[in-house]
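Peer 1: Listed below, chain by chain, are the residues.
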Amino acid sequence: MSSETSALPDYLPEVSKGLTLMPEQASAMAGRIDTLYIALVVICGLLTVVVFALIAVLGYRYRANSRANRESQSSEHTHRRVELGVLAIMLVIFMGLFGWASSLYLDMFRGPSAAMTINVIGKQWMWKVQHPDGTREINTIHVPVDETINLRVTSQDVIHSFYLPAFRLKRDVLPGSYREVWFTADNPGVYRLFCAEYCGSYHAQMRGKIVVMEQADYQQWLTRQGESEAPAVSGAQLFQSYGCSGCHMGKTGIQAPSLAGVFGRAVPLAGGATMIADEAYLHDSIVQPQKHVVAGFDPIMPSYSGQISEGEILQIIAYIKSLEPLDWKTNPSQNPTQGEAQP
Amino acid sequence: MSVATDPRWPREHYLSEGFRLRDWLLTTDHKRIAWLYLASITAFFFLGGTAALLIRLELITPPGDLVSADTYNQLFSLHGIVMVWFFLIPSIPATLGNFLIPMMVGARDLAFPRLNLLSWYIYTLGGLFTLAAVIGGGVDTGWTFYTPYSTMFSNSAVIAAAAGVFIVGFSSILTGLNFIVTTHKMRAPGLSWFRLPLFVWANYATSLIMVLATPVLSSVLMLIVVERLLGIGIFDPALGGDPLLFQHLFWFYSHPAVYIMILPGMGVVSEIIACFSRKPVFGYHGMVISIMSIAVFGFIVWGHHMFVAGQSIYAGIMFSFFTFLVALPSAIKTFNWTATLYKGRITFTAPMIYALSFVGLFTIGGLTGIILASIAIDVHVHDTYFVTAHFHYIMVGGMVTGYLGGLHFWWPKMTGRMYSELWSKVAALALFIGFNLTFFPQFILGYLGMPRRYHEYPVDFQVLNVMSSLGAGVLAIGYLLPLFYLFWSLRFGPAAGGNPWRAKGLEWWTDSPPTKHNFHRIPRVTESAYAYDPTAE
Amino acid sequence: MPTTQPLNEAGQVAEQFNDIDQQVQSNLFGMWLFLSTELLLFGGVFAGFIVFRVIHGEAFAAAAGHLDLMLGSLNTALLLTSGLTMALAEQLVNNTRRRATLVMLLATIALGAIFIGIKGYEWYHEYEHHLMPVLGLPFEYPGEHPQQAELFFNFYFTLTGLHGFHMLVGLGLLSVIAILTWRWRDPPRIARQVQISGLYWAFVDVLWIVVFSLLYLLRS
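Protein chains in written order, with the working numbering: chain R, 1 to 343; chain G, 1001 to 1537; chain E, 2001 to 2220.
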């Protein structure tokens, strides 16, 4: 999969020159969107032609020096009936389009369950990508064909927008929160990735490509990337180096809840509420530790906001997810729900 | 023939009251204040237009070679800020509205003449802040000032620019307030609400939006200035603040602001089409209801700017639904304008060509709005050139065309003189052709996936971009021509007389140019706004 | 061309109006419109505050506990009293009682000034306790959720600052009117001006009630 061209950086896909009217399609969803779009263009085109033709025909027929009949002008009452007629026709057309577009939109957002989740972090002015096995890329995403891929997108600084025109797919990328996007590529090839939300000086250069590969090619590509560490392994090192383990892991650690097996479980919070410890919860707990304090613990954890990158947070989350509940069973004193019970 | 010897030239009128600087800068005459605005917004229009031309020049070639990325970002920010807040929003209300609303309701002046002058000074002060931002290194946030880029990351003169827009907001609030009070309290005897010209209705609806939506923009810009100046962070995600809150508040104003920028144009076009078809507007009451329902529904569709920003999908669908609904009154209006032509007696003067261009371009702009409201499509074309093309069809194809049409229609009233018929028609046609050539290719570019605000782009987008840039050149000619022949007419144009178009409406009952207090005697109204008779010759 | 009454000649009425009644009606209507604009100006900030009050309920409630409820209540009482004196001034000026009107106006100004003074003291108090996250000043919050508390205090200073600014404008307006009342050149005109400024002052009162309820009373 080489895409070297002389003029462009190698992370950009090749392009065809000349005039095209429709972008290429790389997923079934793209085809469904295009059908709706073409229907809309036809309807709107017809309505536009009607208006222009009316202006031309009436303008010619009733020009000042024509002899056309101008007697028997219609009354205000007739006007109202004609207006209501136009209103009814337009209402039917518009509601039909609304229904079609909305159901398609629901399909776009409520996707099938994904085979794999890839993390994408927007940053002025590049896209950083982390695969489930730890492979990392910049401005390029390799994915297998015919698999439902889930992307978890977030931003490290300002708002970006993750845009894959060939998939008719776009999602704004906001700092401090995770958004999920899914797609199923059905056509191997190289497609464009744009940042669509203005994000500063080099917004126009925040582009990249998505490489859709046959399953076999993809496996080969993965093994070629082989040496990279799994994110959970890098996460474990970060967990040490940022000092998290001092409180959350150590033998003396009753000042902070243990994190083993916490992922996906309901956590009791100070104040009586409970929360499911998902990615967003763990992310918040790192950058805004005072937001959801676990019941029975003092809010003493410092915020890591600004000191840790979004990529590192994702690795730490991967590490926390990898911890087996078994770990705390052997160390019952660190059960987060019983932390305060220990002397 | 010199106007001095023309019997139709009034001996005393508002322009003969004195020509010293203080006669202009301290005037409370709404007609002179309209001229102050006309001069200022024209200057800003050409400033914003120059920025646009540089943008189009840069985009002729795919790589960013003419200007640097930062300069490019400052250019489109300048273009947006200047055009939206210093040209489009004040354009028709502050010039034509200021000049005509008191005359159309049969009053001597607006209800608060000194407040009116103050509005212009506030506008100028806001303009100076914005110019200071340009001189002090430019601003690169785009006209939308999205946080956290504008509050925490941009290194440009955001404070000055946001303060400028904040200040100019009060100018439009005060203008709107003045118009509403004038329309309510100062109508001539016999001028009931349903005898008001649609131009007054349109400006009345616009004023309501100005008074009720602009303060929300003011508060959100104030929060940006406060965050940058004092470090009080309301939108800072690190504190648990939400950048989406900014977008909600911003679009709560800025979507209704789109209607501030189109309703007055609709008013102008209704007057022109009725006059040159010599027929009452088709469905007057329907037009009034449409204007008012656009103003009201305009307040509940702001979320359609945020379909991919991360609001809930059900909120997105609701906003899509309301957006389809708000398109209905616009569809009715378009239909009524064309139906007004039926059995009319049509003359194709320059104002009429502008007005018919407006109807055509607004139709395309409105229908592409329907494509954008179709929420699944919007996911793909949001923040691409499709959106750029759509709102330029509304703002430029609609409002600027309507503004120029109105300027040509009432120029004889404002100055008492006629302009070149030939050149004005040439300009109107150049505008229509140049405009379509500039912006139609951008629809295709947008669907192909070219994002907005891109300083450089992939080479396969070049053909369409070159077409667009060529069109911008034609468009520039269409804008520059009126500057010449209108200036020429000020000195050499023949006298127009009180009512050169044989139009209805109280403003045509008096001299051109009108006397200082508009009417020699306050008129009493006995007929509806458009009592034209197409059967009469 | 049918015509009606002649243009009004110069006199009591401003030249653009036909009669004094039209002028009074227009001025009052204009002020009401202006106040609706002002309400929406505050409305934007109120809306933002309420959104975050719901999201970070507990943290905001706790942070509100760090405000001085005593002083806030005192200020509310002062401002409500000033609303009363202003209303009395409106009554008195209609009965052309110059001295009494002047006294009531001065009382209103005095109450407003004390309000500003107390507000200033509160701000100083918060500055001393490092609860003023302005201009990079240190923010040392003793309780839980310091970040959300900082957000709360950001709103606190924005809202009270904006309200304080409106108070200052109102005080300036009332001072001018007090001087005019002292001179007593054109009593009917003064009566109209007192009525218009009374409307504004009542609005500032009502705004404070909302600000006070949102910031001080919603505490844990």
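Any given hint could be a false lead.
Stated by the list, open to error - From chain E, some residues computed to sit far from chain G (all C-beta separations above 12 angstroms): (1) K2119; (2) L2162; (3) Y2216.
Unchecked claim - Label-pair distances were calculated between CB atoms; the ranges are: (4) V2176/E / G1231/G: 17 to 25 angstroms; (5) G1137/G / V2013/E: 45 to 53 angstroms; (6) I38/R / T1061/G: 40 to 48 angstroms; (7) T274/R / W2032/E: 48 to 56 angstroms; (8) L1066/G / G31/R: 33 to 41 angstroms; (9) I2020/E / A1315/G: 31 to 39 angstroms; (10) Y1121/G / V2013/E: 20 to 28 angstroms.
Simulated from the structure, these hints should not be mistaken for laboratory data.
The model shown is predicted, which means the values in this text are computed figures rather than measured ones.
Glycine included, C-beta positions come from ideal geometry on N, C-alpha and C.
Peer 1: Compare the structure with each hint and give your call.
Peer 2: Evaluation of the provided hints:
1. A cut-off of 12 angstroms between C-beta atoms confirms that K2119/E is not in contact with chain G; the least separation is 17 angstroms.
2. With a least CB separation of 8 angstroms from chain G, L2162/E falls inside the 12 angstroms interface cut-off, contrary to its annotation.
3. Separation of Y2216/E from chain G is adequate, the least Cβ-Cβ distance of about 19 angstroms exceeding the 12 angstroms criterion.
4. Between V2176/E and G1231/G the beta carbons are some 35 angstroms apart, a value that contradicts the proposed interval 17 to 25 angstroms.
5. Look at G1137/G against V2013/E: about 51 angstroms separates their beta carbons, and that is inside 45 to 53 angstroms.
6. Evaluation of the 40 to 48 angstroms hint for I38/R and T1061/G yields a failure: the beta carbon distance comes to about 31 angstroms.
7. For the pair T274/R and W2032/E, the beta carbons lie near 50 angstroms from each other, so the given range of 48 to 56 angstroms is met.
8. Roughly 38 angstroms separates the CB atoms of L1066/G and G31/R, a value that falls within the hinted 33 to 41 angstroms.
9. For the hinted restraint 31 to 39 angstroms between I2020/E and A1315/G, the CB-CB distance of approximately 51 angstroms leaves it violated.
10. Between Y1121/G and V2013/E the beta carbon distance is about 25 angstroms. The supplied range of 20 to 28 angstroms therefore holds.
Comparing the model with each earlier hint shows violations of hints 2, 4, 6 and 9; every other hint is respected.
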